[in-house]
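Q: Listed below are the residues making up each chain.
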Amino acid sequence: MSTNQSLLAVKGLSISFGGLRALNDVHLEIKQGEVVGLIGPNGAGKTTAFNALCGLVTPDAGEFFLDGTSHAWPQTDTLVKLGIARTLQGVGLFSDLTVLENVMIGAQRFSSTGLISAALGRNTKDEAQLKERAIAALEKVYATGIAHRRADTLSYPDTKRVSIARALVCEPKILMLDEPAGGLGAQDIEWMNSLIRNLTATMSVLIVEHHMDVVMSVCDRLYVLNFGEVISSGSAETVRRDPAVIAAYLGTGA
Amino acid sequence: MYELINTTLIGITSGSIYALMAIAIVLVWRSTRIVNFAQAGMALLSTYLGYEFIRIFHSFWIALPLAMVAGALVAALIDLVFMRLLVKHASQGPIAAVAPIIATLGLLGVIRAFISFFWGNQDLAIDSPISNVGYTVGTHTLAISPLKLAILIASLALMGVLTLLFQRTNLGLALRASAFAPEISRLAGVRVDGVRTLGWALAGAAGAAAGMLQTPNGTGTLSPDSIEFSLLLVFGFIAAVIGGLESLLGAVLGGLILGLVLAFVLTYISGSLVFITGFVLLIVVLIALPRGIIGAKGARRA
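Protein chains in written order, with the UniProt record's numbering: chain A, 1 to 254; chain B, 1 to 302.
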């Protein structure tokens, strides 16, 4: 695969909620090993775009391309099979499960047993393998030490680590991070930045983020959304100098 | 003294049947967030099918697992052709939360009508496969018979298997995750729809076991408008609510507590107060311990 070919592309994505245009003719593209940022003022449509990519919102129009070939718009539960994993803004860990169990849920696609046979007999080998994968994913975010703690006993930065491990465990080609730095202190943000940069060896990353420092330091390319439309795109430098972007952010303090 | 022992034994036996029904209700609630009023109809239909299996195989003990399989299939079918469609079409607005629950009430009527259409309205008898005469100690007859002992063992075994499935297997993990936060589970690649159908199937099997075991222990007869099965549903609900609706262990404890309370009221106060006691217990638990005796801490937080 050439490095110039886009891994994932979205063309003409439009969504409206009861007459309100949330997204209008949005084009996005992510290449192999790239970190792409989706930014814009509040209500610009970043989260809607993310949700649409995950099949959580059905678009009114839009084409979806994987590895350059047209593909049906993804359904939420087939996303992982397509090699796309996502974290959530609210972290979304299962609070009454352990860290390890939380991560194992992300590894379900490697479970070789069907639902019926799994109900009839337990497949210990299969489960042991899922556990191994989960531990490997926790290693990547340096969280093996908390593997057996219940998710609701974790500190906030730790829940972020675990949610990333749950996304990493399915070995995605594209990782979608929804505000990975949100609510983190300076030290943890530093750690998150280096983690994201390291991930690009094996995957591409799509980020929605408010922290401009994070966006400017980890993203190769940016898309700026305002009122549901892409008003600018390109490298951090290009976007920062774009008058349209400056106008959109004026007064928002970002 | 014997009266005390016997009352306790009656309470435990009937409590273990309520527990099975409560487990069926908890299973559907946990995997789909639907309170399933059709559970009584599903259990009744499975027991009718069990009646046919007894006629074919001349053995209650062969018919019991077959009825459970049939119950599982019926429940899975209900979810596949009916509930899945309903949840999809009524997924928005204030109706989304109640539509499936009201639909299960409709389903209950449909199943009863279906049974009456195929089997007619006459009572069908399921005889006790083993003696239901209590063991005797000296001159006293205990309230535990071979049948009641078998019911107790079967109930406990089923609870054990289901608890292991939920707590120790990968599939149990998927079941717990899907109920907790379906969208997050979908994002993580869990086949939530399939998992939900499986939750219904497990509930169908548990309900079938409750129906098959209760019938020979109770009136011994089946009819489309069986009061016995309506009571089974009501007591199963009360037991599930006492247990907090979320946990299988809670359902079991809820069933046993309800069984014991009712047995003691029956023996020491008055038989006519049994039903009212069940409902009063339900209301008291809802007011005093709305999360049940094992309140799942933070279970609704995602």
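Read the hints as simulated data drawn from the structure, not as lab findings. Computed from a prediction, not measured in an experiment: that's the story for all the values here. Here a beta-carbon is modelled for each residue, glycine too, at the ideal position from N, C-alpha and C. Just to be clear, a hint being listed does not mean it is correct.
Stated by the list, open to error - Output of the computed footprint for chain B on chain A, the stretches with three or more beta carbons under 8 Å from beta carbons of chain B:
#1 84 to 92
#2 238 to 248
Claimed, not checked - Straight-line C-alpha distance at most 25 Å; calculated SDA-like pairs for lysine to any residue:
#3 88(B) - 64(A)
#4 131(A) - 88(B)
#5 81(A) - 2(B)
#6 81(A) - 169(B)
#7 88(B) - 51(A)
#8 81(A) - 260(B)
To be verified - If the Cβ cut is set under 8 Å, some of the chain A residues that face chain B in the computed set are:
#9 54
#10 76
#11 81
#12 106
#13 108
#14 140
Q: Take the hints in turn and mark each one as holding or not.
A: Evaluation of the provided hints:
{"no.": "1", "hint": "84 to 92", "result": "holds (count 5)"}
{"no.": "2", "hint": "238 to 248", "result": "violated (count 0)"}
{"no.": "3", "hint": "88(B) - 64(A)", "result": "24 Å, holds"}
{"no.": "4", "hint": "131(A) - 88(B)", "result": "33 Å, violated"}
{"no.": "5", "hint": "81(A) - 2(B)", "result": "63 Å, violated"}
{"no.": "6", "hint": "81(A) - 169(B)", "result": "22 Å, holds"}
{"no.": "7", "hint": "88(B) - 51(A)", "result": "18 Å, holds"}
{"no.": "8", "hint": "81(A) - 260(B)", "result": "51 Å, violated"}
{"no.": "9", "hint": "54", "result": "6 Å, holds"}
{"no.": "10", "hint": "76", "result": "4 Å, holds"}
{"no.": "11", "hint": "81", "result": "7 Å, holds"}
{"no.": "12", "hint": "106", "result": "4 Å, holds"}
{"no.": "13", "hint": "108", "result": "5 Å, holds"}
{"no.": "14", "hint": "140", "result": "17 Å, violated"}
In summary, the numbered hints that this structure violates are 2, 4, 5, 8, 14.
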